[in-house]
Amino acid sequence: MSHVAFRRDLPQAALRVGAVAAMVQATRSLRGTMPDTPRARRYSVFAIAREALRQHKGWTRAWASPEPKSRYKVIVVGAGGHGLATAYYLGKNFGITDVAVIEKGWLGGGNTGRNTTIIRSNYLQDPSAALYEKARSLYEGLSQDLNYNIMFSPRGLIMLAQTEHEIRGYKRTVYANNLQGVQTEWLDPQQLKAKVPIINLDGPRYPVLGGLYQARGGTARHDAVAWGYARACSDMGMHIIQNCEVTGVETEAGQVRAVNTSKGRIGCDKLAIVVAGHSSQLAAMAGFRLPIESVALQALVSEPIKPCMDVVVMANTVHGYMSQSDKGEMVIGGGTDGFNNFTQRGSWQHVEETVRALIETFPMISRLKMLRQWGGIVDMTGDRSPILSSTPVGGIFVNCGWGTGGFKAIPGSGWAMAELVAKGTPGPLAADFGLNRFREGRFIDESVAAGVAH
Amino acid sequence: MLILTCPYCGVNAEETELHPGGEAHLARIGPNGTDEDFESYLFARKNAKGVHFERWRHAYGCGKWFLAARCTATLQVFGTYRAQTPHPPADIVDAIRKARPDWTPDWTPAEGIAE
Numbered sequence: 088m089s090h091v092a093f094r095r096d097l098p099q100a101a102l103r104v105g106a107v108a109a110m111v112q113a114t115r116s117l118r119g120t121m122p123d124t125p126r127a128r129r130y131s132v133f134a135i136a137r138e139a140l141r142q143h144k145g146w147t148r149a150w151a152s153p154e155p156k157s158r159y160k161v162i163v164v165g166a167g168g169h170g171l172a173t174a175y176y177l178g179k180n181f182g183i184t185d186v187a188v189i190e191k192g193w194l195g196g197g198n199t200g201r202n203t204t205i206i207r208s209n210y211l212q213d214p215s216a217a218l219y220e221k222a223r224s225l226y227e228g229l230s231q232d233l234n235y236n237i238m239f240s241p242r243g244l245i246m247l248a249q250t251e252h253e254i255r256g257y258k259r260t261v262y263a264n265n266l267q268g269v270q271t272e273w274l275d276p277q278q279l280k281a282k283v284p285i286i287n288l289d290g291p292r293y294p295v296l297g298g299l300y301q302a303r304g305g306t307a308r309h310d311a312v313a314w315g316y317a318r319a320c321s322d323m324g325m326h327i328i329q330n331c332e333v334t335g336v337e338t339e340a341g342q343v344r345a346v347n348t349s350k351g352r353i354g355c356d357k358l359a360i361v362v363a364g365h366s367s368q369l370a371a372m373a374g375f376r377l378p379i380e381s382v383a384l385q386a387l388v389s390e391p392i393k394p395c396m397d398v399v400v401m402a403n404t405v406h407g408y409m410s411q412s413d414k415g416e417m418v419i420g421g422g423t424d425g426f427n428n429f430t431q432r433g434s435w436q437h438v439e440e441t442v443r444a445l446i447e448t449f450p451m452i453s454r455l456k457m458l459r460q461w462g463g464i465v466d467m468t469g470d471r472s473p474i475l476s477s478t479p480v481g482g483i484f485v486n487c488g489w490g491t492g493g494f495k496a497i498p499g500s501g502w503a504m505a506e507l508v509a510k511g512t513p514g515p516l517a518a519d520f521g522l523n524r525f526r527e528g529r530f531i532d533e534s535v536a537a538g539v540a541h
Numbered sequence: 002m003l004i005l006t007c008p009y010c011g012v013n014a015e016e017t018e019l020h021p022g023g024e025a026h027l028a029r030i031g032p033n034g035t036d037e038d039f040e041s042y043l044f045a046r047k048n049a050k051g052v053h054f055e056r057w058r059h060a061y062g063c064g065k066w067f068l069a070a071r072c073t074a075t076l077q078v079f080g081t082y083r084a085q086t087p088h089p090p091a092d093i094v095d096a097i098r099k100a101r102p103d104w105t106p107d108w109t110p111a112e113g114i115a116e
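Chains A and B supply the protein sequences, listed in that same order. Residue 88 is where the first sequence starts when you use our numbering, and the numbers rise one by one after that. Residue 2 is where the second sequence starts when you use our numbering, and the numbers rise one by one after that.
These are calculated hints, taken from the structure and not from any lab test. Hints should not be assumed to be uniformly reliable.
Keeping only pairs whose Cα atoms sit at most 25 Å apart, straight-line, the calculated DSS-like set for lysine-lysine is [unchecked claim]:
| hint | chain 1 | residue 1 | chain 2 | residue 2 |
| --- | --- | --- | --- | --- |
| 1 | B | Lys50 | A | Lys191 |
| 2 | B | Lys99 | A | Lys191 |
| 3 | A | Lys414 | A | Lys357 |
| 4 | A | Lys179 | A | Lys156 |
| 5 | A | Lys456 | A | Lys414 |
| 6 | A | Lys350 | B | Lys99 |
| 7 | A | Lys357 | A | Lys156 |
| 8 | A | Lys221 | A | Lys510 |
| 9 | A | Lys179 | A | Lys144 |
Listed next, the stretches of chain B that the computed footprint assigns to chain A, with coverage defined by at least 3 CB atoms under 8 Å from CB atoms of chain A [to be verified]:
| hint | stretch |
| --- | --- |
| 10 | 9-22 |
| 11 | 25-36 |
| 12 | 45-55 |
| 13 | 72-84 |
Pair by pair, the computed Cβ-Cβ distance ranges are [stated by the list, open to error]:
| hint | chain 1 | residue 1 | chain 2 | residue 2 | range |
| --- | --- | --- | --- | --- | --- |
| 14 | B | Ala91 | A | Met323 | 55 to 65 Å |
| 15 | B | Leu43 | A | Gly268 | 40 to 50 Å |
| 16 | A | Phe181 | B | Asp95 | 52 to 62 Å |
| 17 | A | Phe181 | B | Glu37 | 45 to 55 Å |
| 18 | B | Val12 | A | His252 | 53 to 63 Å |
| 19 | B | Ala60 | A | Gly192 | 46 to 56 Å |
| 20 | A | Gly196 | B | Arg98 | 51 to 61 Å |
| 21 | B | Trp66 | A | Gly528 | 49 to 59 Å |
| 22 | A | Glu337 | B | Asp38 | 21 to 31 Å |
| 23 | A | Glu337 | B | Asp36 | 23 to 33 Å |
These numbers were taken from a predicted model, which means no experiment stands behind them. Beta carbons are placed, not taken as given, at the ideal position from N, Cα and C, and that holds for glycine.
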């Protein structure tokens, strides 16, 4: 069932153990028993075997925690997946390693650690499909690229059609995806039932009439994505500075000069703002507004149960999506609250609404106990598409507006943002996602195309 | 759960009875507006972390639009008021100042007196 994703080859399994060993090591380091040095070794089955023979005393920290320098060529604000991926591809694709990634909390502690880990690229509009498919294809090889197992599990993803309108919409998406080179297909109810035996096709309110299936969609370990990128960035000599809050942006003649932080003033040539829910606050420090509103999005997980569903299922009409984690928990997400909110906790009635809808479609989950519930602050744009753009201030670039679906885009977002920051002008992936689209009325309207959850 | 008092019918309505309508006090741009004006009016938002003024409709009640002053960082509600005002009325400003001494309005006080 869900663990089949890891059967591919032995090194993959070894990497997975390596990731666990790194976590054990990270915990030890926090206790002060380990030296504070960047890692110097590849994770491999041989490293595991060697360490197994000496009580795992030889692991070093996965990334360094240096004090900030007075100046960097590029400062990335936000050490979530998108910020770290931006830094990583700046180094890897453009050779820019004089980079600091600064983070007010801890690495990957925002939306990167709060999402439901879904990866897909079945978007309707061409620019979206290109960007998300780039991300999905980078996810395929990311564990090998980073030498860090991100547990990418392309287990397949189904978006349920539960109204006649959704049937037409998703069939249209299949045709669009085929033209875009994104592999998706239409499933009729019986094919869908074969893939998801626990589904109830004749729901009293919303019967399941078919589905949009992406076989190479799936999930990944969200924390590991941030950790893997952080380790690779640190290894290139970049500085990852946690517990460092940006309190101001210093500009001179319309050009960025420095950021003021809780660890002092740090100069920079270029500044990349990659802070999701707090994008408007950073923009305000730099003196401009963004077409963004921040709202709470919630998720919850059940107690762990035996493997019962080895695909990701999204039901957009009733606002619910569900997958089963490797630990056996049913991971459930729903819709956002409708009002501005920065508290990282959402409204109870959304939990009720989500669970009520999913119980109709999956009757067997009705007696599950829910273990944890949490919220994240998502940055919503008017057309529900992201912003990868230069700004009114020279040298400042924003990567935001990923809304409820940023995790799936992390590698592609970092790839496109790195190009934008390095060259100062967007490449083909980011070109359509500029801020000027709102002035020009050139929307990438996924809010209509994708229904709701996306 | 968020509970707002409808200033028209006086009902303490919880959020499932209400429909959110986004940032309040946006100046509507007419046919002579520039592209920049329209972009600002239609899309750019303050998205404040803290004191925030917003529109709500008492959808499953009296059906009327009203405005609320609320803190987006703590979910504290400072008060609700009628929608026919270009700026929050004095009693709302006082209630906010009492709870947030550091807060200052981003409009000039003369404009603030609407009722």
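Hint by hint, work out which the structure violates, then give me just those numbers in ascending order. Those not satisfied are hints 2, 3, 6, 9, 11, 15, 17, 18, 19, 20, 21.
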